[in-house]
Structure formats: structure tokens, C-alpha cells
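Protein chains: 4
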Amino acid sequence: MGRKLRCGMIGGGPGAFIGGVHRAAISLNNEAELVAGCFSNNEEKIIQAGAELGIDKDRNYWTFEEMAKKEGARKDKIDWVDIVTPNCFHYPAAKLFLEQGINVVCEKPLCFTVDEGQELKRIAMENNCLFCVTYTYTGHVMAREARELVKNGSIGDIRMVIAEYPQDWLLDSLEIISENNQPWRANPKFSGRGACVADLGTHIENWVSYVTGLKLDSLCCNLDTFGSGGVLDNNVEVLVKFKGGATGMYWTSQVAIGFDNALKVRIFGTDGTIEFVQEENNYLKVSMRNQPPQIYSRGCDYLTDKAKEYVRVPSGHPEGLIEAFANIYKDFCRALIDKIDGQQINEENYGYPTIDMGIDGVAFVNKCVDSSEAGAIWIKM
Amino acid sequence: MGRKLRCGMIGGGPGAFIGGVHRAAISLNNEAELVAGCFSNNEEKIIQAGAELGIDKDRNYWTFEEMAKKEGARKDKIDWVDIVTPNCFHYPAAKLFLEQGINVVCEKPLCFTVDEGQELKRIAMENNCLFCVTYTYTGHVMAREARELVKNGSIGDIRMVIAEYPQDWLLDSLEIISENNQPWRANPKFSGRGACVADLGTHIENWVSYVTGLKLDSLCCNLDTFGSGGVLDNNVEVLVKFKGGATGMYWTSQVAIGFDNALKVRIFGTDGTIEFVQEENNYLKVSMRNQPPQIYSRGCDYLTDKAKEYVRVPSGHPEGLIEAFANIYKDFCRALIDKIDGQQINEENYGYPTIDMGIDGVAFVNKCVDSSEAGAIWIKM
Amino acid sequence: MGRKLRCGMIGGGPGAFIGGVHRAAISLNNEAELVAGCFSNNEEKIIQAGAELGIDKDRNYWTFEEMAKKEGARKDKIDWVDIVTPNCFHYPAAKLFLEQGINVVCEKPLCFTVDEGQELKRIAMENNCLFCVTYTYTGHVMAREARELVKNGSIGDIRMVIAEYPQDWLLDSLEIISENNQPWRANPKFSGRGACVADLGTHIENWVSYVTGLKLDSLCCNLDTFGSGGVLDNNVEVLVKFKGGATGMYWTSQVAIGFDNALKVRIFGTDGTIEFVQEENNYLKVSMRNQPPQIYSRGCDYLTDKAKEYVRVPSGHPEGLIEAFANIYKDFCRALIDKIDGQQINEENYGYPTIDMGIDGVAFVNKCVDSSEAGAIWIKM
Amino acid sequence: MGRKLRCGMIGGGPGAFIGGVHRAAISLNNEAELVAGCFSNNEEKIIQAGAELGIDKDRNYWTFEEMAKKEGARKDKIDWVDIVTPNCFHYPAAKLFLEQGINVVCEKPLCFTVDEGQELKRIAMENNCLFCVTYTYTGHVMAREARELVKNGSIGDIRMVIAEYPQDWLLDSLEIISENNQPWRANPKFSGRGACVADLGTHIENWVSYVTGLKLDSLCCNLDTFGSGGVLDNNVEVLVKFKGGATGMYWTSQVAIGFDNALKVRIFGTDGTIEFVQEENNYLKVSMRNQPPQIYSRGCDYLTDKAKEYVRVPSGHPEGLIEAFANIYKDFCRALIDKIDGQQINEENYGYPTIDMGIDGVAFVNKCVDSSEAGAIWIKM
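Residue numbers (this note's numbering), protein chains in the order written: chain A, 11 to 391; chain B, 11 to 391; chain C, 11 to 391; chain D, 11 to 391.
Derived by calculation from the structure, the hints in this document are not laboratory data. Among the hints, erroneous ones may be present.
A pair counts as met if it fits within one copy or between any two copies, since identical chains are not told apart.
Pairs of lysine-lysine residues, derived as BS3-like cross-links and limited to a Cα-Cα distance of at most 27 Å, are as follows [said to hold, decoys possible]:
| # | residue 1 | residue 2 |
| --- | --- | --- |
| 1 | Lys14 | Lys67 |
| 2 | Lys318 | Lys55 |
| 3 | Lys14 | Lys87 |
| 4 | Lys295 | Lys318 |
| 5 | Lys274 | Lys79 |
| 6 | Lys67 | Lys161 |
Excised from the complex, chain A in its bound form (with noise of 0.2 Å):
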């Protein structure tokens, strides 16, 4: 590679919260740039994204359609485009751009259907596009610790796994809910079946999944729709059994009072326990049987190699969300530019969130609501 990788983004306009942290991330990695985007259905906002972002103006697009069939003809095409929308466009966006052979890196949840995922699946290997999903607390470098001291045998065999995901940030929008001022997360149209266990359930399946290597192999799930006139899931309760005789509980809710964004994981094997949390994102509780708790801090010099490949700041200089991000891009772009380079990938050795893994998430939130509608009943996956 002689160049900067190019890439392009739907949605993520200007106030978008998360669209900047992917801008962000791409950026700290320095290995792409951004080229081309469609940041909004909205005029006004496009052409101050454009002008912000400094996109040419020929390819700040009006459509996404627009965007992919033009960026999919031109020679200098976007290496790959993110797709950052609310959740009902992630299928149908990346569907075009996988047509026109253009990469995707994709928000989580993949799209409202195992069907669509399945489809997605399928025309990005006949198209040989890479796909990514933006599972974004994979990219921390102690998940990426806490999956090598699975991997290595470090806790034995997983009996459970306890793990929750309590907010309260949205609290308010979701409890003085109108026409006008409902957010898009607590809309089906825009966001599906599921509210909550889309947005926040999806990262708990997804981190135990993505560090354990578990299999998922039946739920049972309460879902709760606390306050005032919305119609989705705001709390979400529900056990799990995985193929192999472990199990667990998950919790995450969006009207926990108290709790900003508090992603906890532990998991307990036979020899030890892992604990994470997100907040805490720069350490990793690692407890032995029969010895004193410690606590691994990002940076230092006994983590496994694995992980100690994505350190970018010394122990003690906290990284945050962004570096998360990055992390996740930096495993992409090393599997895109391989890729350029003419080589066979397997996207599964990059580390970065694979479209299988956006697919167990879409039939999470989907079995998870099943099972509530059904008086929450054990559903198997």
C-alpha cells in the first residue's frame, strides 16, 4: 500500500453522537481517510457536514443510493463505507454499497432480520467484500485480554456468566415521549423489534460471545416497558444457557437510574474469573481459585501479546471509547489492506466483530422479544 485507505459514511451528520467517534478513531489510527459521505436525509445538514468534513462536493451525496452506485463506478472508489444510520438503513445501505463490491463496516444491530443478515452474509462473499460490525467494546484491549486468558485455558472451563448493561442517559427522552421529541431508539420504525436488548442487549450477546467463544443455546427473557407512552423495551431480564452446560443471567436497561453506561462482564471458569467493566475499561479483574484477586492493568508488561498489540498509550494514561473504536479499525484496515495486497482472507483471524456476529445479535434481540411476547419462556436459539 503506497496510500491512505479511503472511506466514506452514511449518516453520522453533524450532533450525531456517533458518527464523530467513528471520524475520530479512523483518524487516530491515521491509516484512512475520509472521502465520501451521505450524512443526512436533511439538506441543510449535508452541506455543513460536507463543508465540516471537507468532503468534495461531488462526492458529499444526497442519497446513499446515489453514493454507492457513483462511488462504486469510480476508480478511486471509497475503500470501504460506514454505515452509522439509525437502525432501520443499515440493511438496505448495506446492501448497495456490498452490490457495488464496496467493504462495509456496519453499526450494531446489523439490520432487523436474521433473513437480512443471511442475505447480507451472502452477497458480500459473492461480491468478496469484507464486513465489519462495530461491536464497540470488543475493541478495548483488556476484551482483548480477558478472550486470550479464555483462549489460553487461564479460567478452566465457563460455568456461568453474569453480565449487565445499566444507563440512565436517556432517562428523561424516553419518559416524556411525543410525537416530536421521541428519540429514534425507542421508535420500531426506526429502530425494530427491540429498544433496549437491540442497543444495549446486542453488546452483552455480543462481548461474551466474542471473548468466550460460547455458543448461545436457549434464552429466556422478560422485557419491560417502564414509563409513559413508549411501546418498546427500556429493561431487559434474561437467563441463558449455553451449548455445553454453561449458563447466565443478563441485564441491561435504559432506566437505571445512577448508571451511566455500565457494561459489566464476569465470567467464571472452573480455575478463575474474569471480570470487566467498560467504565473501567483501562483494567481487567482476573481472580484465581484459592489466590487473592488482582487487578491487570492496560499498558503493563505480563499481558498476553495479543493484547499488548494494542496498546497505544503507557499503563496509567487512560484510553477510552475512541481508542475502542479504533482498535476495531485498526484490525479492519489490516485485513482490508491484505486484502489489496491480493491475499485470502479469513475475516474471523482479524479480531475485528464479523458479520456472523452481527447476525447472532439481530437473532438475540429477535428470540429475546419471541420469548417476552410469549410470557417469557425459554426460546432455543
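Dock chains B, C and D against the given chain A, drawing on the hints supplied.
Relative to chain A, chains B, C and D alone:
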């Protein structure tokens, strides 16, 4: 009252953990003295216990049948008996003493079946006996503070309760089970139908009920038996629904490496959240809507008057397990003195956990086992 | 010993905080009983105390001169006296009892001057009396663990000791000082030349010395008196040098808003670091060079044998202030019994803080005040 | 401004930790681009850096003298230069660029002597140049919140400041010192008279001054050099007095096993206390008199408006080191744009640390060394 109260003890001889704690708690209050007991079913231990504890020989009994009968006949009979045996003896022992008109303080779980519990309650009422079940963790000052904050509406209407109680101190003994060294907690003959769910689960069930006043409507429980040899549960995962619409999750485990005795309850209301962690029992985390979380400290002036009644030492000077027990005994002795003084007693008003709470605990254990045995289905309470 | 030990108490009547804690600690051990006392200089309180504590009328004394004399003359005289008065009475009271051959347990600071301390030591030796100074926080199990880890070389040679002890519970009373409500701790007549440095500073000085065995070489101290009206220090900042080359900083304050009773000591060695926080006394943070920090938990098997001797309840079941006192009494009573049994006693071997440590504390207070009065200059010990 | 700002960099080539962080911070803001540099004194590294960073060959300079001269002569000259070299080059490099009228951003410590600092200030004023010193930890959102809370009187008048900054990541390299592998930080030729006091101590001095506005009146400092071979300090203990009566203690160490990068500052006022811990930079502990301590979380609505200006992602989504740098650059670029737009600039108003703070830091280092060399005596600032 011109005298110290007199108590007796069933079980809790040399080497027993919980008997010593009960005695320490009683001596801390300095309101009562231990004057009789049947501390073991082993001759040597009985003699040793009597000597160590300064029990008169004629009140150091060889069977609890003998003790109940002889104490019942004395003029200076014990004011109450403490039952701190393995679970299987709670019911028969309590019955014998109640029939002699002797008040009872009994360890949890109260007994094996709800019918047994109801019978004990009937006998207690017929004999005008007080009955306290020592759910330890309701005795902490900050448990009382939490209860008052819920009662006075500080956190609004309760939406969710997320509670857990992981341990690992029995891990080795639970996994190396043989005829000889199997802990009684894991033996159905001594423990009943549930092990972890009875030993730890009942603490969660009671603490939540005690602090919130919520009544369970139904539950869905998965019990696991990890490791070799045991037949009873050592890991418990429960979805619960409360009357009135609140929901919750309870998790407790005896095979959770890295956790000592980590009872933690979070109560989420419409206006705020309360978080209690037993191992940090001198503090309570209180988060009010749209305000920074606060750390309440036991002993400070801003606590409720009710909680302040139980403060023994200034803030920052840690109280612990023994003080929690002592607070329950303080409540119980207050009721006892009022009763001796001829007052009409409503046990609910004194603060200690009542026999009704004991019965609720037994119901909880049985419903959990029923649910799990039926495939972790929902069961009405 | 075929009997319980007998103790008496000077000070500590109704309403006094620390007297009650001493009594609770003694009763927790169940090795001794309180049989005599002079609990106050106020008639009414004396009578009330005697009644509450079940002291025989003829042993409920009106002055400690009378008590020393009469107890000294009894055949069943007290085995030791507890001195828990304001500081100014420690020296005269201790002297009287030692002269009667009665062993002494005395609150810190031992007395006002090193000369007084040396005199007490001489009298104690002449009368073959044991002498314990109740530096509370040396009694915690994890203080004992820390001491053993230093002794067995786990953290190598000590380089620095950073210690602090901020409080705020006396803040209001220290700032609203008048003739009537001034706390005795802030009155030089009762407290001596130092207030905060005597009340809290001596705890730091002793804890460090007890755990590390290091001897102070010199110090440089700044004392502040913040707020209106007081003449004694309420904030203390000290640089210290130890014999052998280690250095350190001590800070203690009674006007540190937001801190309850936050004694915290960190000991840095060439191979590792130990951190003890009194409010979390059931844990010890141990960091070995190039290893992740570990959280030791009181009660676990990996502790040193010495520390495990003092464990009362399993890990995760919190012990607190009273247990710390009780451990010191346990040590003292062990020595006492050995002495009664006719053994030659070396008090250093029993674990309780000795009169030498009491004298070191008095020296520390005086050197701090000397240094501060001279402009915070360095002073040799 | 119709264009991005242009910056150059001195030092910070491949492998240098802090240069990469500066570049990441600049790219995060997306307001400026790196167009020139003199990244090393090693030919190979210069070429590598230029290629990696996409610097035009004619702006990838071999000496900073050349760079200052040639950039000064360009029409499209850099708007500012970043100086991220070892300490010894700060002064000569800054001087050269200021003389060319180029604004400067310089790492701390600013230079070796106060005279040098004053000279730089004079030259900056003569040439109408802005000058920012990158005291990183003032850039955290919660540092800004702390500053506002002090300014608006929330915690009353300041009484004490207790600050510390222990590290251990350089421990091994500091202890195995030879000609070849001695870190420049421990070499007086590169680092100046102080090592730990310059590298870490200046952060404490500045953070306290930045947040509180307090001016140091005098200090008493002990410097230690633990381990073999080094000549400069690696452990620093300071008593400080502020103008106006407040006092404090600063401790910083590079040999504190178990601590990564643990800057912690506590500011005690008459009405409340603020506690900032750099490794938990997304939170601020605020304790008001007689109220339970509160945990402020970056991103929440209750923060001051000033702090909220710097929030990049919602609460609970961690920001870290790079964002802190980026906030300082954001301030600096705002001033730069105002200057380019022809406004009169008062650098104090923009929030970034000014050259006066840089000079204060140099004074602090020299006074600490002076004090320690004279036997840790008190020295006036």
C-alpha cells in the same frame, strides 16, 4: 426489667461458625446472658462447650427434647432459645420450645416446608411466643437506612430489583465430596431440597422483601450443580416478578471464584436508586434522578432517625457482621422486654425479621426448586 | 487459669464513645469481666454507670486514687485496669495503679512528656506490671498480615512510607468553640500540647512503626489551626526520615471534609508495596514488582499463619473496630495468663503495642510541636 | 478562517511516546494539520517519520534551526510549532521559532531556569506570539469542572491541598542504569537539575495552581535517589505554604511499585472538598460539608457550563489522555484563530496553560532542588 435476659442455645458448639457469632452479638448488647444450651450431639463437644461458655452443669443438656422440657419447667427459665443447628433441626427444635412457651430465635431457612412454617406460626401464636428469624443482613444500619428511604418515598415507585450473592469459600469442600467430608450444606438430609438457594438465596429474597416491602408474584429459576458429586444446587439464577409490576433478577452462587460473601442489592425506583453491598456495609450508594450518586456513610447526621438508632460507633469506624446480628437481637430483646412488661406486641413494629419472613423464605426455596425441576418454568408464589 | 480475668475501668462512663468500645471488645473475647470502675468525675454518671454495667457498689469508685488503693488491697483484685479518660489523666492514673502492682491498659497518647512515659515504664518494671497502649488499628487482622509480610521480606527493603489520616466528624465542634462546648480534644489542659497530632498523628506514627519496625530519625512538621477560636492544631503535615535511609510523609487532619476516619498507610519497598486502609480493614492491597496488584482478603487461606490466628469470621463477613480492639485484648490477656501462670514475659512477643510504643508516640507529638513552633524545621528524634 | 491551521513538530519521531499523543490529539480536533517537522536528530528516523506522517520532503527538516528559518520565510508558514523533545531542547528551540514570529506549544518543563523562561516570555511578547505549555492533566473535563467549582465558591476558602503522583513504569530502567540505556529523564544533561520533580512534580504544581489559583509562598523539599547509579531524584516529598494561609503536601515518585500514573489531587475548603484522580478522569468526587460525598460524572447535565464545553461523548463512555491533550489544543487553536482574525488576545482567557505557568513550573523545580540540597530547608518562592 431489673435483670438481664436469659437465653439458651441449640447447636453452635465449639468450631461452629455461626453459634459463636450469635453469642458475640448477644454479649455486645449486654442485655442478656447465655445460661443454658444443647450445643452438640457429641458428648465430648457438649462437655467442652459447657465449660468454655460457663454453663451450669444442670443446664448443659444432652438432647434438646430434655432441654425444652426442663427449661420449660424452671422458674428462672430461659427467656428465649437460639436455634443455630443445621437446617433439618430447626423445625422440630422450634416446635418443642414453643410448646413450652419459650420464645424462639431461629437461623434461616426457617424449616423445610411452608406447612411446617405455618404450623410453627400457629403454635407460636397459641403460646404467645415471639419468633425471630435471623436474616443477618437486615441488621446492618444501612439496611435500615435503605428501608426508611424506600418507606419515605425517596426513590419513588420501585421498577426493578437486581440482586446477587456470590461466594467461593465453600468451593473446595463442595467439589471434593465424599461420605466423610461433605459439608452438611450440600447434603439434602441436613439442608433440605435446596443448598445454595436455601443458604444464600433466602438472604436475597428476605433482604429485598424486608427493605422494599414488595411481595413476589412469580419466579422462574434455574439451578445448577457444578462440579463432581453433589446433588444439590450451587448456582442459582432467578427471574422474579413482584406484585404491582416491578421485576428483577436474583443470582447467587457458591462456586463464584474471587467472591467472598458479596451480597449486593440494587433497588431502582422512578426517582432514585439504592445500592447496598454487604462487604461494604458501612456505606449506601444513593443515586437520585439527574443528580450525582452519593455515598451515605453509617454514623453521619444526615441519616434517617430510624437508622441512627442502631449506630454504635462514629462514621469511619467500621461495624461488621457481629453488629448486624446484635442489631437484630437488640430489636428482639426490646420486644421481649415489652412482652415481659405485659404489653401487647406487634412483632412487625420492632424491626427484626418475623416468622412470616421465615415462611416466605421457605416458600421461595421450594418454588425455586419446583421451577428448576420443571425446566425453569414460571411459577406463581 | 480456672477463672475469667478481672478488669477495672477508669473513665468511659455513659455517653463516652471509646469506653463502650473497650467493653464490647473485652466481652467479645469472653476471657475477662469488668468488675470495678471509676467511670466519671460526676456523681450521677458514676451511679448510672455502675448500675448499667453491673458493678458491685463497693467496687464502683468515686476517685481513681481510692480505686487504686482499695483494689490493690483486695485478694480478688482486678487483673488489669483500663484507662480511657481524657489524655491528661493517663499519667497520674497509670502511676497509681502500677504502684499497686496492677497491670495497665491505657489509651493513647500515653501521657504528655517522654519523662512521664519513662517514669511509668520504670514503675511498671519495678512492679513487674504489663503495660499495653491501645493503638487500635494495629489490632486489625490485616495490620498483622502487613507486619508479617514486611518481616518475612516479601516487599524487600523499605524506601518510602506515605501515610494519612483525615477526618471530619469533629469539624463543627472544632469550629464553634466556646467555654461550654469545646471538645476536650481541642483543650490543651485535657489534650496536651497537641490535638490532632496527638489524637490521630500518634496512630500513624505507631501503625507505621508497628508494621515496619522502622525507627524515626528526624522530622519536619507543620501544624495548622484552621477556623476560629482554637489554640491547638487541627491539621498536621510532616516529612519524616527513618534510620536506615527510608523517608516518608504523614498527613492528618480533623478538618478534611468528606473523610470519616480514613487512616491509610502505604509502605513502598524494593520488591513490593503494601496498602492498608482502615475503613476497608478486611482487605490489604499488595503489589509486587512487575505483577498486577492483589487484593488480599481477611480470612482467606493464603494469609500468613500469624494473621490467621486473629480471624474470627470467614472472609467477606466484615470485622471492624471492635474486633481490632478485641485482638489487642486477646494478645494482652494471653500475656497476662502466662504471667499469672508464672512465666517470664517479654511483652514484645505478644503482639500488643507496648509502653515503649506509647513513649514513642509521646515523643512524636512533642517533636512535631517543637518543630512547628520553631518554623517547621527539622528536628532529630 | 477558511482553512485548517498548520502546525510543525520538533522531536516526537517514531517510537517517541508523547509525540504520537500530540498528533492524535490534534487530529481528534480536526482543526489543524501537521505539515512540517524536525522529528529527530537521526537521519534514518527523520526520513521514516516524514514518510509515515506524510510530510512534504522540503518541510521535513534536518535541524530545527533550519526549520525555524525556512518556515519563518514561507508564506504558508506553520501557524505554530509543537516542541516535544527532551527537556534540554525546549529553550533553544522555542527561542528560534518565537524569533521567527511562530507561535509555540511546548512540553513541560518549559526550560531549565527561570531566566530562560522570562527571556522566552519577553521574546514571545515582542513577536506577538502565543505560547502554550502542555500540562496535560489540566485538559481533562473534570479538571475544568474542579476549576469552575473553586472559582464559583462552591467549596469556600481553601485550607489544604494534598496531592500525589506515584508511578512505577520507569522503575526497571531507572534502576539498571548504564551509559547506554539510561533514560534521558534520569540524565541531568537532558533532563536538567530535576528528574521526577521535573517530570511529575511540575504536573502537581501546575494542576493545583491551575485549578485553585493559589500562589506558592514557600516550600520545603526532600529529594531521594533510590536504587543504584542515578544522580537525579526519583522520589519527591514537599511541604508547601500558599500565599493567604493554605498549606499542603506534594508527593511524587517514580519508584512506587503498584502505581501506574496515579496523579491525585484533593483540595480542602471551608465548605467542601474536591478530589481528582487522573486514572479515573471521567469522575470528580465532591464532598460538601455535612453532606454525603458525591461522584460527578463527565457528561452529565449538572456540570458547570464551562466544563460541558469540552465534553465529547456521553457520560459513561470514557475519555482519556488523548482527549485531555485535545482539549488543550482546542483552547489554543481558538486563541490562534482569534489572533489570525485580528483580535487582541489575553491568553489567560482561553483555558490553556500559559508561559507564566511554564515559568512557575521551572521555578518550582529549581526551588525544590535548592531546598533539598540545603538539607530540605524552607525556601521562599
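Verification of the hints:
1. Lys14 / Lys67: both (20 Å within a copy, 18 Å between copies)
2. Lys318 / Lys55: Between copies, since 23 Å is at most 27 Å while 40 Å is not.
3. Lys14 / Lys87: both (12 Å within a copy, 25 Å between copies)
4. Lys295 / Lys318: both (17 Å within a copy, 25 Å between copies)
5. Lys274 / Lys79: neither (42 Å within a copy, 54 Å between copies)
6. Lys67 / Lys161: For Lys67 and Lys161, the Cα distance exceeds 27 Å both inside one copy (48 Å) and across copies (46 Å).
Violated hints, in rising order: 5, 6; the structure is consistent with all others.
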